[in-house]
Amino acid sequence: MNVTELAEITGGTVLSGRESVGNSISTGYCCDLLSHVMADAPQNCAWMTVLTHTNIIAVAELAGISCIVIPEGIAVPPATLEKADSEQIPVISTVLGSYEISWRLHEALQED
Amino acid sequence: MAESNKMHLETVIAKDDFASAGEASSKVKKTLTMLGVAPAQIKRISVAMYEAEINAFIHGGGGMAYTDVYPDRVEILIEDHGKGIEDIELAMQEGYSTASEEVRMMGFGAGMGLPNMKNNSDNLTIDSRPGEGTKVRMCFNIGN
Ligand SMILES: Nc1ncnc2c1ncn2[C@@H]1O[C@H](COP(=O)(O)OP(=O)(O)OP(=O)(O)O)[C@@H](O)[C@H]1O
Ligand SMILES: [Mg+2]
Numbered sequence: 001m002n003v004t005e006l007a008e009i010t011g012g013t014v015l016s017g018r019e020s021v022g023n024s025i026s027t028g029y030c031c032d033l034l035s036h037v038m039a040d041a042p043q044n045c046a047w048m049t050v051l052t053h054t055n056i057i058a059v060a061e062l063a064g065i066s067c068i069v070i071p072e073g074i075a076v077p078p079a080t081l082e083k084a085d086s087e088q089i090p091v092i093s094t095v096l097g098s099y100e101i102s103w104r105l106h107e108a109l110q111e112d
Numbered sequence: 113m114a115e116s117n118k119m120h121l122e123t124v125i126a127k128d129d130f131a132s133a134g135e136a137s138s139k140v141k142k143t144l145t146m147l148g149v150a151p152a153q154i155k156r157i158s159v160a161m162y163e164a165e166i167n168a169f170i171h172g173g174g175g176m177a178y179t180d181v182y183p184d185r186v187e188i189l190i191e192d193h194g195k196g197i198e199d200i201e202l203a204m205q206e207g208y209s210t211a212s213e214e215v216r217m218m219g220f221g222a223g224m225g226l227p228n229m230k231n232n233s234d235n236l237t238i239d240s241r242p243g244e245g246t247k248v249r250m251c252f253n254i255g256n
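Taken in order, these protein sequences are the chains called A and B.
Note that the working numbering gives residue 110 to position 110 of the first sequence, counting from 1, and the numbers run on in steps of one.
Note that the working numbering gives residue 115 to position 3 of the second sequence, counting from 1, and the numbers run on in steps of one.
These aren't lab readings, by the way, just hints derived from the structure by calculation.
Note that the structure is a prediction, hence the values are computed from the model and not measured.
Glycine included, every Cβ here is placed at the ideal spot set by N, Cα and C.
Hints are not guaranteed to be accurate.
What the hints assert, rightly or not - Partial pick of chain B residues on the chain A-facing surface, computed with a CB cut under 10 Å:
(1) G134
(2) P151
(3) S158
(4) D234
The shape of chain A in the complex, shown without the other chains (with noise of 0.2 Å):
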């Protein structure tokens, strides 16, 4: 499973970090508190969370997390996409909310 992959299975669109849509997903990993996540987001998860400020890309990048899922459709605003960007981190995002995202990507890692 990649980010590509992912977006697909989620009817989502990948707003940044286009040159790393190849990062390979392990697992999912939902959580809004970040020192939480720094402790324990799996290496290469998909990441979703509601929060969209720039510093999720740091947390992002320094977690070793392969792509950031926005659900909800919540808007992202464009500094984030823009560190994005630079820090080439997949942002994806779809209507769907975090529970329906985790349950496709569960059942498609399991095809895997």
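Given chain A, put chain B with the ligands in place with the hints provided.
Structure of chain B with the ligands alone, referenced to chain A:
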């Protein structure tokens, strides 16, 4: 990495520049990757340093990050001249946080930063004086 190789990095942790918070840690991560340090070591150094950097930014009003890379260890000093920590033992407890509501809305304030630093470093020393500032020193053994 050559035996005698020692790399020194200094980065400003800018006050009030939210977009660049975390950059000192990113710079160190990139340098360690370039030097061929093991990924698992880089991960724990990145986590611990990010937490110290963000604390200096959010609670300490910005400061400086100093990193020294030796063949067998990485030493990091994060320094600010902010309000300092009243009770370090209390601050070290999981879940303790004085973060403002505004900052909590952004995902900070779980009270897990200092525990993350402790869990990911081999040595953590905090030197803080109320009203004067905080110095966080961390050492990471990286083998070799
Ligand atoms: N550099 C600092 N200057 C002043 N106070 C600090 C500093 N670092 C930590 N503190 C105090 O220690 C508390 C606990 O810090 P810790 O990093 O564990 O949690 P937090 O920053 O509040 O939340 P989190 O790191 O989980 O987002 C802070 O809320 C703050 O009161
Ligand atoms: Mg903190």
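Taking the hints in turn, this is what the structure says about them:
The beta carbon of G134 of chain B comes within 3 Å of a beta carbon in chain A, closer than 10 Å, and the hint placing it at the interface holds. At a threshold of 10 Å, the smallest CB-CB gap from P151 of chain B to chain A is about 8 Å, leaving the interface hint in force. At its closest, the beta carbon of S158 of chain B sits 4 Å from a beta carbon of chain A; the interface hint therefore holds under the 10 Å criterion. Using the Cβ-Cβ criterion of 10 Å, the hint placing D234 of chain B at the interface with chain A is not satisfied: the shortest such distance is roughly 17 Å.
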